[in-house]
Amino acid sequence: MSTTTTNSKRRALLLAAYGCLAPLPAMAQEAPAGARDDIIVTARAASASILGSDVSPMAYPQSVRVLDRDLLDAVNATRLGDVFDLAGGVARQNDFGGLWDKVSIRGFAGDENAGPDIRINRFSSNFGFNAPIDTATIQQVEVLKGATAALSGLGEPGGAINLVTKAPLDRFQGSADLSYGSWNSLRATADVTGPLAQGLSARLIGVAEQRDSFREHVDGSRRLIAPSIAWRPLDGLRLLYQAEYMRNTSVLDRGIVAVGGNARAMDRRTFLGEPGDGHIVQNSLWQQASLFADLGKDMRLELGASQRDGSLRGYGTMVDFGPRGLQADGRTAGRDRRYHDFDWNDLSLRVELTAKGTLFGMTHDLRIGADRVRHAMDFVLDRARGTATRPLLPIDLFDPVYSQAALPVPPAFASRYTRFRSESVYAQDLIGAGPFTLLLGARWNSFRETVINRLAANRRLETRDRGVTPRVALTWRASAALAFYASWGESLRLNPSDGTTTFNAERSHSTEAGVKFALFGGRLTGQAALFDMIKRNVLNPNAIDPFVRTQIGRQRSRGGEIELNWKAADGLLVTGTYTHLDATVRNDANAALIGTPLSNVPDDMGSLFVQQTLGRFALGGGVSHVGKRAGDPFGTAYRLPAYTIARANLSVALNDRLTLRADIDNIFDTYYIASAYANVWTMPGAPRNFRVTASTRF
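If you count by mature numbering (1 follows the signal peptide of the UniProt record, and there is no 0), then the sequence shown holds residues -28 to -1, 1 to 670, one letter each, in order.
Hints may be right or wrong, so weigh each one.
[As the list claims (entries may be wrong)] Below, simulated SDA-like cross-link-like pairs (lysine to any residue); rule was C-alpha separation at most 20 Å, straight line:
(1) K539 <-> L580
(2) K328 <-> R240
(3) K600 <-> R240
[What the hints assert, rightly or not] The following label-pair restraints were derived from C-beta to C-beta distances:
(4) A342 <-> A237: 48 to 56 Å
(5) S375 <-> A237: 36 to 44 Å
(6) R431 <-> Q170: 35 to 43 Å
(7) T422 <-> D239: 43 to 51 Å
I should point out that these hints are in silico values taken from the structure, not numbers from a laboratory. By construction, the Cβ of each residue, glycine as well, lies at the ideal position given by its N, Cα and C atoms.
Please construct the entire structure, taking both the sequences and the accompanying hints into account.
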């Protein structure tokens, strides 16, 4: 397979021409836990934060949920998906057999493959098919709800997720963790940082992981190394380079089949693929570089670039759709076999000027910027299928026997090259006048996509669009402890071609109103919001063949949410969220879809986590609830049952440097369904499992 760009040229471009990226203070000290705010953590520079500003969280007119490093450590998270339950309004979606992160925010899931708007230090990061994100390199997770397009780009009205990564520190610090858990899962991590010379610091993070699964014939591994270096050559000038190489292997596992509409009819351990397929291998090399210049008089300049190369290769066998799949006897299913061969790369550039000042008695926090994104993908998929009368590789759902016949070599099914370009200019001003803060913002977007279908005589398909996405929001600070806000914005997002046709761009708008509070000296913080969002021109897969897509006329998601956080001086930490959603198809040429709920979006979901520290001991636990959900996007009656699961943890500090910890997840061994794409691809959650971790800090 040809690669989309020469790697050496791309890296030279980053290191020589664009020594700049998602700026962070090169050697900023990480704030102590007590100095962090539960709503927005400001220990890192505003330039890396999704807000792009260091404005007070009470004054910012939008719902923001921040999961800081303390909370990531409290729940012992190793994947980004481990903290979704605590984010509020974030629901798991089909994740392609566990090969990437896929969620909805406030009911909207974004692109079927890429998912919602996930960013790293405010740069888009979910182009391509990247492996689930590891938390070893993350300092904090920020979930900004509602309209974000005016500042952050892309176009998901539900919100965006921003990951602020760990940067080098100007003091020596190190840590190492070793974990062993159920199904012989073993994980080791190390993180070392400190100064190399005056004004020069570095950091190195490494992960090695080997894992089995409660699912039969499913295992995997991970290797990650993440170096970074920060340099402050002059006062007011900072440069940062960060990189991460990851190799992730896993078995493509599409879960179980719902028989007779019962999502839990099968044994949750049963694997319906073929062990002979081996592993899917994902490789990625991510790089960011940044330059931050203080221009004086409350002005600063940021230059940045972010680049990623990635690949995904391997075989997978899965139950087919329609009459080729589940048979009339209710226990036999035909399958299809695929070979995936994907390569991608992307490059994002950004320049941003910030100015603060006072004009006509009002304060201004003005940001003006421009960005450019280039993304390319080579997509080759081979696929072998049976027919309705002769299903391929039939398997007994309740007594599977593998390798009954030679695995077929899949013939060519799709082969295309995709090139995407976008340019944007944006501006945002936060205007303060007494107790009021007014946010005005707008982004001009221009994007184009070219797809060359190699199996159709190199047929060329082009999509172009442009538009302005405005945003207006207002906060009224009723008192030092109470603020009310309202926000409105529009979004625009390209709908990618499937290689056979093009689609109109997705357009949306969102409205929300809410309240924020900080009581008892800031120990109790929280926010509540009501919201209403509408999307048009949403792509939807076909029930017989998911590769065939149509555009839905309109989707709507509305609801309310509340978040509470309590952090007491006696070591008690409590954080909880609750969200109610009404997310449905509102209008479509297919009348059968009108009024049907959006896939994998529960009416109600909530979580609670509590941890108490008592001297050398820390005891924690939590509970998560997810309501009943639609199990597919096809308008059928298939539903996933509601579930509630609990977890607990206990840790003891043996001395100042060594800590032992034990975690138990799904304490009551609940058989629950985490997500589904359809009745034939239904993913059960893990049964009760444990993990023991030894940690050292130095």
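Against the range 36 to 44 Å, how does the distance between the Cβ atoms of S375 and A237 compare: consistent or not? violated, 25 Å
Does L580 sit within 20 Å of K539, going by the straight-line distance between their CA atoms? holds, 14 Å
Satisfaction of the hinted span 48 to 56 Å by the C-beta atoms belonging to A342 and A237: holds, 54 Å
Would the pair K600 and R240 pass a check requiring their Cα atoms to be no farther apart than 20 Å? holds, 19 Å
Do the alpha carbons of K328 and R240 lie within 20 Å of each other, as the hint requires? violated, 57 Å
In this structure, is the beta-carbon distance linking T422 and D239 contained in 43 to 51 Å? At roughly 47 Å between Cβ atoms, D239 and T422 fall inside 43 to 51 Å, so the hint holds.
State, for the Cβ atoms of R431 and Q170, whether the hinted interval 35 to 43 Å holds or is violated. violated, 59 Å
Violated hints, listed in ascending order, are 2, 5, 6; each of the other numbered hints is respected by the structure.
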